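**Student:** As a plain string of letters, each chain reads:
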Amino acid sequence: MNMINNDTICAIGTRTGESAIGIVRLSGNDAIKISEKIFISNNGKPIKEMASYTMAYGYVIDERKEIVDQVIISVMKSPKSYTREDIVEINCHGGIIATKKVMNLCISNGARLSDPGEFTRRAFINGRIDLTQAEAVIEIIRAKTEQSLKIAANNIKGNIKNKLENQRKELLEILIELEASIDFIEEDLEIAPYEDLEKRVQIVYKEIKELVNDEKKGELVKNGIKVAIVGKPNVGKSSLLNAISKKEKAIVTHIPGTTRDAIEEIIYLEGIPVIFIDTAGIRKAKNLIEKIGVKNSLRFIEEAEIPVIVIDASAPLDKYDEEILIKVNLNKAIICFNKIDIANVINKNDFKKKFGENIIVEISAKKGIGIKELEGKIIKKMGSENDFDIQDKIIINIRHKRILVEVISCLKNSIKAMKNKMSEEFPSADLKLAYNLIGEITGESATDEIINGIFEKFCIGK
Amino acid sequence: MKIDAFDVIVIGAGHAGCEASLACARLGFKTLVLTINLDKVALMPCNPAIGGVGKTQLVLELDAMGGQMGKTANEAAIQVRMLNRSKGPAVRALRAQIDKKGYESAMKRTLENTENLTLRQGTVDRILVDNGRIQGVSIESGVTFYSESVIVAAGTFLRGRIILGSSEYHAGRMGEYPSMYLTDSILKAGLVMDRFQTATPPRIDKRTIDFSKMAVQPGEDIPASFSFWNSDKIFPNIPSYLTYTNDKTHELIRNNISLSPIKSGMVTTHGPRHCPSIDRKVINYENKSRHPVFIEPEGKYSNESYLQGLTTSMPAFFQQLIVNTVVGLENARIMRPGYAVEYDYLLPNQLKHSLECKTVANLFFAGQVNGTSGYEEAAAQGFIAGVNTALKLSGKEPLILKRSNSYIGVLIDDLINKELSEPYRMYTSRSEYRLSLRPENADLRLSFFGYSAGLLKEEQYSKVLDKNLQIENLLHDLSKKVINANDETNKYLAKLGSSPVENSTTIYKLLQRPEIKFSALVKTFPDILGISISDSKVLEQVETYIKYKGYIDRELIGIKKLENVENIAIDINFDYFKINGITFEAREKLSRIKPETLGQASRIAGISPADISILMVAIKQG
Ligand SMILES: Nc1nc2c(ncn2[C@@H]2O[C@H](COP(=O)(O)OP(=O)(O)OP(=O)(O)O)[C@@H](O)[C@H]2O)c(=O)[nH]1
Ligand SMILES: [Mg+2]
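Residue numbers (our numbering), protein chains in the order written: chain A, 3 to 464; chain W, 38 to 659.
Rather than coming from a laboratory, the hints here were simulated on the basis of the structure. Any given hint might turn out to be false.
Over 10 Å on every C-beta distance to chain W, these chain A residues come out as not near it, computed from the model [claimed, not checked]: (1) E167; (2) R262; (3) N298; (4) S425.
Lysine-lysine pairs mimicking DSS-like chemistry, simulated, CA-CA at most 25 Å apart [claimed, not checked]: (5) W:K586 - A:K459; (6) W:K429 - A:K418; (7) W:K124 - W:K77.
FRET-style restraints, in silico, Cβ to Cβ [stated by the list, open to error]: (8) A:D450 - W:N604: 23 to 29 Å; (9) W:S628 - A:E68: 51 to 57 Å; (10) A:K421 - W:K597: 40 to 46 Å; (11) A:N31 - W:K517: 44 to 50 Å; (12) A:N168 - W:S142: 55 to 61 Å; (13) W:D590 - A:R301: 38 to 44 Å; (14) W:A522 - A:E408: 52 to 58 Å; (15) A:N168 - W:R146: 56 to 62 Å; (16) A:N168 - W:D590: 50 to 56 Å; (17) W:K517 - A:E408: 31 to 37 Å; (18) W:G302 - A:K288: 58 to 64 Å.
Model, not experiment: these values are computed from the prediction. Glycine included, every Cβ here is placed at the ideal spot set by N, Cα and C.
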């Protein structure tokens, strides 16, 4: 629980009316110290010497001294700041990706990702804002938190969540053994040998480490941005997935209705994991299986942050295309005219007038034309500051990863304790922490699980 | 008819009632203890033992603040053992077999000789409440006693119902009258109660046991004490014995399981999972071929022997058959059968952390009547209720222990925030700060509270301060004292299987190595240390601190975080339905539990961090 602390917190914020500038905001005792570590000022003046409410141009650099972004730093010193603590704002220019990198640098230099509403809470507690102001802000945060929680829960469905749940269960099992040996020493229980327990912790440690390190394999990143490829049958959706992922994963045939189950592929666009989902073509289904496929496609349209609608440009628009266009939220969507290598019979200008220039791309999935342009459009959408969904999601990713890094360090400690033959309560201390931390991700927290587990597992009561 | 007026009336003279009344009387308040039977003061109706893992911590904490249990246990212990000896100091725990009669008479003597304390036999039928405040009680003979406050420590007596085989009858404990009317009066005051159940094994005649067929389980002849204010001593050592049930036992029970009150439906309420009956064990663990049976002495001068592990409320004749299947008990004779007792308990979430009722002023509840199990748990609550009654009557702030400073804090916080599904028992795993809340530092953690309340004398408290100072000085010295990297040193280290030092190093650093023991080091290098430490307890503390500093520091960080929210108080009349933005479920829960601090609110199941943020804003508004 990170309630009121004076440790230094950071978060990505945006300032209304100034799109394309992401702000990393730090507040707390070490705000200046931390930003000092990653910022090189153009005029060479250290941040701590800057006057309150002044700005400085410069660069943010990473551990390897490479430039991450060109930024403007502004400093507001305690107590005359929003939170009444030292605040440093780093205004980034490189869009969401650079902003994210800057925030990560702050975190690796000792800041903590803020809890929802923590800036406001600090401001309020330190007497900076009054109740009505605070309430208004908290209402917004509240709404946003619930939204994020929903997203978080949706995101970690599937593989990663299963894996974490399993690891958590295993930690519980291990804790049950350790705790039983402490609190029920008078019972003659058959506790698993210490070495076995150590081995089991090792396995959990390895698996979680893999989850964190193996981003490329697409484990952790199951919670990336979802892009659903939708459209009526045979327009080239599967071909597009193959083109964009440079794999031949989806089956392509000339028969309409080929794809029945959705296929996912993860591609990194500027370091952000993006999940492309090839869906079944939407039409009046001929049988049950297809019906299910179509139903799922409609669900994907709902769930995806970015639906990509594929339209066959070599044939005239028909009522199925139009139905899909109606179903999709065009504020979020991108429209692809495919098969432009053969013919282009659709009047694009009509479309452009209707839906705006920005959301239309002409491509040939087969020949690989326009794919880069499509990617560019997706990146632009991800960087758009109005899209809270996407920004939250990126932050949630970081939060999860950060928790898992902490879990790993706890597991490491407990392995060390077990190796050194320290008694059960020592490894247990770290394992409990790890266990609770994983619960923060999977959304489970139950108080008496260990004690209940002991009673379930062992015959207690001599 | 107003015949007598007291400051405090304590209902019950069990472990909670004794501590509660002693605390009040010692703090100068005129205290009346009413008990159903004056011959049963501080009775141990179940196992003849005090202490054990988690429980010793409670006894020592109580003792550190001026409670009685530890001192009386020292008088009556007839065998002690150190549990978890191979583990770290935080989970090591003394456990003692107790001479039951000795304990009772020592405690009764203490009560009888305490100024301001009146012991009287009487069954309380009614609590008198007027205008949301307690006024006194009346007993079965019609006499009314008036008082400023009342502490209910009625144990299992409220509508107690004993189950033994197919018979059942009302009783507080076997052979004792129940308290049949008090519950109604408590309900009338607007409080809610529920029922729990607990059970005890048969006692057998020592002379009929064949000890030659069993393993002897002697105690340890180690200097020990349950009290910081008594010096360590070697206790008597009357052994326990260990035998096992067998296939015959299990078959007998299985074939006659219909006789078990669990099966017959005579017992439906929840009992404690930590002491299931033998019938339940046989049902639940079909594959276990034997269960241990410990034979524990009930007293110095008694032949009664307690059969730990054979708890049951099957019919008495059948209990005899069960007992005789066990090796060494073939000819054993039951002196009194085991039985189950079902009783009313107060849902403890109606209490504040001071153990005062949220809705009836100056009415306190403590002990088993709050849904706990165990003498130590009861005594701890009795003490807190007693001290807080006294503090309230003096117009002072209550003594609220925290999760971060004591197991007693954990106990009370859990009682108030958790939904109990069985009688609550302390385990060390219930504490988030187990490595810091060690038995041997209870005095350092808590004696301040006993001293401020007025229960510890000046010289007692200064003894603790002195110990604390010694610890700090020694820690400081050790980080300065350097040991040279010569042959002598390295030979010594090699002998202990420790790696040699290349440069001169501080003793502090050396002690960080797990294999280096302080006591041995002091012996080998008396000159280098150049410090004379008379108190081995100081050495222990210092060694623990140095060896486990990393762990202890991490707990401290957790404690600091917790304390920030713990210090934000919430008004008891706070209207949760007035605040927007938190879920209906959360509002309802908060309104019911009425947390006293924001920290407590955050521990209530179903309350999210977002709820807490909003709540914090609303609280600050006042
Ligand atoms: N000429 C040309 N043909 C294409 C292009 N993209 C796809 N096709 C062809 O269109 C046909 C259908 O392609 P798919 O990718 O299977 O189409 P789909 O939308 O996945 O179809 P369903 O899964 O049946 O809904 C195949 O024969 C492809 O070779 C393109 O850009 N140009
Ligand atoms: Mg397809």
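**Student:** Against each hint, give a clear statement of whether it holds in the structure.
**Tutor:** A quick look at each hint next to the structure:
1. E167: 20 Å, holds
2. R262: 40 Å, holds
3. N298: Label holds. Min Cβ-Cβ 32 Å, cutoff 10 Å.
4. S425: 4 Å, violated
5. W:K586 - A:K459: 33 Å, violated
6. W:K429 - A:K418: 50 Å, violated
7. W:K124 - W:K77: It is violated: about 38 Å lies between the C-alpha atoms, which goes past 25 Å.
8. A:D450 - W:N604: 23 to 29 Å: Distance hint for A:D450, W:N604 holds at roughly 27 Å.
9. W:S628 - A:E68: 51 to 57 Å: 56 Å, holds
10. A:K421 - W:K597: 40 to 46 Å: Given a distance of about 30 Å, which is not inside 40 to 46 Å, the answer is violated.
11. A:N31 - W:K517: 44 to 50 Å: This hint is violated: roughly 31 Å between Cβ atoms.
12. A:N168 - W:S142: 55 to 61 Å: Given range 55 to 61 Å: holds, Cβ gap about 57 Å.
13. W:D590 - A:R301: 38 to 44 Å: Given a distance of about 50 Å, which is not inside 38 to 44 Å, the answer is violated.
14. W:A522 - A:E408: 52 to 58 Å: Violated, since W:A522 and A:E408 (Cβ atoms, about 38 Å apart) do not stay within the stated range.
15. A:N168 - W:R146: 56 to 62 Å: 59 Å, holds
16. A:N168 - W:D590: 50 to 56 Å: 32 Å, violated
17. W:K517 - A:E408: 31 to 37 Å: 35 Å, holds
18. W:G302 - A:K288: 58 to 64 Å: Taking Cβ atoms as reference, W:G302 and A:K288 lie about 59 Å apart, which means the hint holds.
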